[in-house]
Each structure stands twice: as C-alpha cells, then as structure tokens.
Amino acid sequence: MTLHFELVTPEKLLRSEEVHMVVVPGTEGDFGVLEGHAPLMSTIRDGNLEIYKAGATTPETIRIEGGFAEVNEKGLTVLAEKAEG
Amino acid sequence: MASLKALKIRIGSVKSTQKITKAMKMVAAAKLRRAQEAAEAGRPYAQRLEGVVASLAGKVTVSESSPKLLAGTGKDQVHLLVVATSDKGLAGAFNTNIARLARRHAQELVAQGKTVKIYTIGRKGRAVLNRQFPKDIVHSIEPGDLGKLGFADARGYADDLIARFEAGEFDVATLFYSTFKSVLAQEPTAQQIIPVAVPAAAAETPGSGAAVTYEPDEESILADLLPRNVAVQLYRAMRENAASEQGSKMTAMDNATRNAGDLIKRLNTLYNRQRQAAITTELVEIISGAEAL
Chain A
62 MTLHFELVTP
72 EKLLRSEEVH
82 MVVVPGTEGD
92 FGVLEGHAPL
102 MSTIRDGNLE
112 IYKAGATTPE
122 TIRIEGGFAE
132 VNEKGLTVLA
142 EKAEG
Chain B
58 MASLKALKIR
68 IGSVKSTQKI
78 TKAMKMVAAA
88 KLRRAQEAAE
98 AGRPYAQRLE
108 GVVASLAGKV
118 TVSESSPKLL
128 AGTGKDQVHL
138 LVVATSDKGL
148 AGAFNTNIAR
158 LARRHAQELV
168 AQGKTVKIYT
178 IGRKGRAVLN
188 RQFPKDIVHS
198 IEPGDLGKLG
208 FADARGYADD
218 LIARFEAGEF
228 DVATLFYSTF
238 KSVLAQEPTA
248 QQIIPVAVPA
258 AAAETPGSGA
268 AVTYEPDEES
278 ILADLLPRNV
288 AVQLYRAMRE
298 NAASEQGSKM
308 TAMDNATRNA
318 GDLIKRLNTL
328 YNRQRQAAIT
338 TELVEIISGA
348 EAL
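Quick note, the sequences are listed as chains A and B, same order.
If you read the first sequence in the working numbering, its first letter stands for residue 62, the second for the next number, and so on.
If you read the second sequence in the working numbering, its first letter stands for residue 58, the second for the next number, and so on.
Here chain A stands alone, though its shape is the one from the complex:
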C-alpha cells in the first residue's frame, strides 16, 4: 500500500521515495493522492505539498512554486519550479 512519489525541480531530483499519501495543491483545489489513483494531470499553485509517510500522522510539508503534477500507473511525479522544505 505505498505510493511512489517523485519531486523534481530544474536543479535536481529532490525526492524519490515510497509514501502513503501526498496532498498536492492543485490549481483547482487540493487533492490527495493514494496508491492506485486514476491517471491525472494538473497544474499546481504555489502552496504546501503534504507528504504522509506510512503510519505517520503528521505530514511533512514542502513549499513548492509553479509546476504541475502527474499521476500515472508508476506513481506521482511533481515537477516544481521551486521547492523548499
């Protein structure tokens, strides 16, 4: 029950790990991605990305700016222009 999550910025590949759930700040509203999510592509607004590791109750937040998120059968990929966290 894990979701493969990658966070990439133009500078480098920031994260590549297995997590439980990620909440992405989409342009049209936040959405959570769990394993087995339907294919989706969305632009993101500036905001906080919340990463829930397996079993963790408090999320880890990373501030991201500009970019988009893609969900496919391999997992979730967030391409952000800027990320810090």
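Treat the hints as calculated values from the structure; they're not laboratory data.
One or more of the hints may lead you astray.
What the hints assert, rightly or not - Covered stretches of chain A (in silico footprint by chain B; criterion: 3 or more residues with CB under 8 Å from a CB of chain B, positions within the stretch not fixed):
no.: 1; region: 78 to 90
no.: 2; region: 105 to 114
no.: 3; region: 117 to 127
no.: 4; region: 130 to 144
Claimed, not checked - The list that follows gives simulated cross-link-like pairs (lysine-lysine, DSS-like), each with its CA atoms no further than 27 Å apart:
no.: 5; chain 1: B; residue 1: K82; chain 2: B; residue 2: K171
no.: 6; chain 1: B; residue 1: K192; chain 2: A; residue 2: K73
no.: 7; chain 1: A; residue 1: K73; chain 2: B; residue 2: K238
no.: 8; chain 1: B; residue 1: K145; chain 2: B; residue 2: K192
no.: 9; chain 1: B; residue 1: K88; chain 2: A; residue 2: K143
no.: 10; chain 1: B; residue 1: K322; chain 2: B; residue 2: K72
no.: 11; chain 1: B; residue 1: K76; chain 2: B; residue 2: K88
no.: 12; chain 1: A; residue 1: K73; chain 2: A; residue 2: K143
no.: 13; chain 1: B; residue 1: K116; chain 2: A; residue 2: K135
no.: 14; chain 1: A; residue 1: K143; chain 2: B; residue 2: K322
Nothing here was measured: the structure is a model prediction, and the numbers come from that model.
Where is the CB? At the ideal position from N, CA and C, for every residue including glycine.
Following the hints, put chain B in place on chain A, whose structure we already have.
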C-alpha cells in the same frame, strides 16, 4: 644565437606560464565536478517535462486556436539563432565550435533566402558572429560565470524570447549549445525550441492510454507548460554549457601544461649546450695561451 642570460629568462617565463596553466587546469577540474553534477541533476526534470509536453501535444489537435508556441506562426521566414556560449576564453575550442555550428546554420538559411537574426548569450559567441553578421545580432546577454546561473536567470531569458516571439519578431528559434558527453567530448548541438519540436516518438506512449483526467483542461495545461518548457530547455542548455566549458578548459590547460613542459626541456638542452660551448671556448683560449708562452 640567444645569449645564456636570455635563455635563462626565457626558461623562467615558460616555467611560470606552466604554473599558471597547471593551476587553471586544477581549478577547472574542481569546477567541472560540480558543473557535471549539476548538469546531470537537471536532466530528469527536462526529460520528464519534454515527455509530458510531447504526450500532451500528441493529444491536442493543432488548430488556429492552439497556442502559437506549439503550432508556430505558420511561417518559417525569420529564423532566430540563440547562441549560448560563455563569457570567458581559454577553453579550447568550446566557444568556437558552438559559434561555427551556428554560423554554418546561418549561412544555410541565408542561402535558402530566409532572414536570420541572432541572439547571443555569452560574449565569446558574440565576438565571433559579430564579424560575419554584424547587422543581424538583435540582442546579447553577458551571463558572467556559467556555473552560477540559476533557473531564475534562464526564466528571464525565456520570458524575453517569448515576448519577442509574440511580438512577431521571428518564426522559428533554434538554440545552440554544447552537450556535455564526457571530459574529452563535448558536442555542439542545435535544438529547435520555438515552436516546440514534437518528437516522432510522441505517439508511442500508449501505456497511459487510459483516460487521463486533466485539471484544468488540456489546452490550459499546455498553455501553462509551453513557456515553462522553453525556460527549462534553456536552463538545461546553460547547465550543459557550464559543464562543457569546464571540461574543455581542463583539456586545453592540460595540453598547454604539457606543451610548456616540452618547451622547457628543449630550452634546457639548448641552455646546457651553450654553456658547455662557452666553457670549451674558454678552456681552448687558456690552453692555447699557455702553449704560446
């Protein structure tokens, strides 16, 4: 025949040159490692973005209303050559190779009756192209140290390019830079950035053939992504350039150090020979003087 003193001075000066080139080589090697890591770290983003743009572009039918960055202006008359080089020399054939590729490209286009405009990023490329196309350079940027360029800089250049494109200054933009293959091999590369060149492989991503949900719709995402793609491709080119520059510089300085070493050896032999000749002459003078007594 140079005097012994002159030879000695010459040897000294070659030695200090060798010291400088050796130091520059070591600096380049240190910077290369960082630049190379940066270039490689930036590749996943650029590749992924390219992939996404390609798959999106494959889905959207090109029509009058589709974004110009994708469909182009419908003409192919005015070509803009974006030539990315560095501001500093002493890097072997790095700058020359890029400029040469751009120049050949420009000559071909001119031969086909197209209008060529040149946009240079980096002083060295400008210097070379200015000789042949003095009137066609529309804008030049001097980026300074390539290794210190951030994404924000690339973004700025991209915004400027896009603004010019939208103002109808050109129809097609091609980017020239040097791809970093290895320390010994850097390949000057031409890449079309505006309009987006959709690779033929775009159609071969049926894996996600399942209905993908787009938020907002495809067109808006594409409109958002295309300018970003230009910036990312520019940024990637800068990164590749930074690594290539250091690689090329390292090789060039290594050669220079070796040449200086050879020269020192030759001058030393020459110096010793002359010294011996002088001693022999002196001895002969003393002996023949003694004999005469």
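Would you mind confirming whether the straight-line C-alpha gap from K322(B) to K72(B) stays at or under 27 Å?
10 Å, holds
If you count the residues of the region 117 to 127 of chain A with a beta-carbon closer than 8 Å to a beta-carbon of chain B, do you get 3 or more?
violated (count 1)
Verify the proposed pairing of K143(A) with K322(B), using a straight-line Cα cut of 27 Å.
54 Å, violated
The region 78 to 90 of chain A covered by chain B? Criterion: 3 or more residues, Cβ-Cβ distance below 8 Å.
holds (count 3)
Within 27 Å, alpha carbon to alpha carbon, are K192(B) and K73(A)?
39 Å, violated
Between the alpha carbons of K73(A) and K143(A), is the straight-line distance 27 Å or under?
OK: K73(A) and K143(A) at ~10 Å, within 27 Å.
Hinted pair K88(B) and K143(A), Cα distance within 27 Å
It holds: about 24 Å lies between the C-alpha atoms, which stays within 27 Å.
Pairwise hint evaluation, K88(B) against K76(B), where the allowed Cα distance is 27 Å at most
Given that 27 Å is the threshold and the Cα spacing comes to 18 Å, the pair holds.
Under the criterion that the straight-line Cα-Cα distance not exceed 27 Å, is the pair K145(B), K192(B) satisfied?
Holds, at about 23 Å.
Checking one constraint from the list: CA of K82(B) to CA of K171(B), max 27 Å. Satisfied?
42 Å, violated
Verdict on chain B covering the region 130 to 144 of chain A, where coverage means 3 or more residues with a C-beta closer than 8 Å:
holds (count 7)
Taking 8 Å as the Cβ threshold, is the statement that the region 105 to 114 of chain A is covered by chain B upheld or broken by the three-residue rule?
violated (count 0)
Hints 2, 3, 5, 6 and 14 from the list above are not met by this structure, while the remaining hints are.
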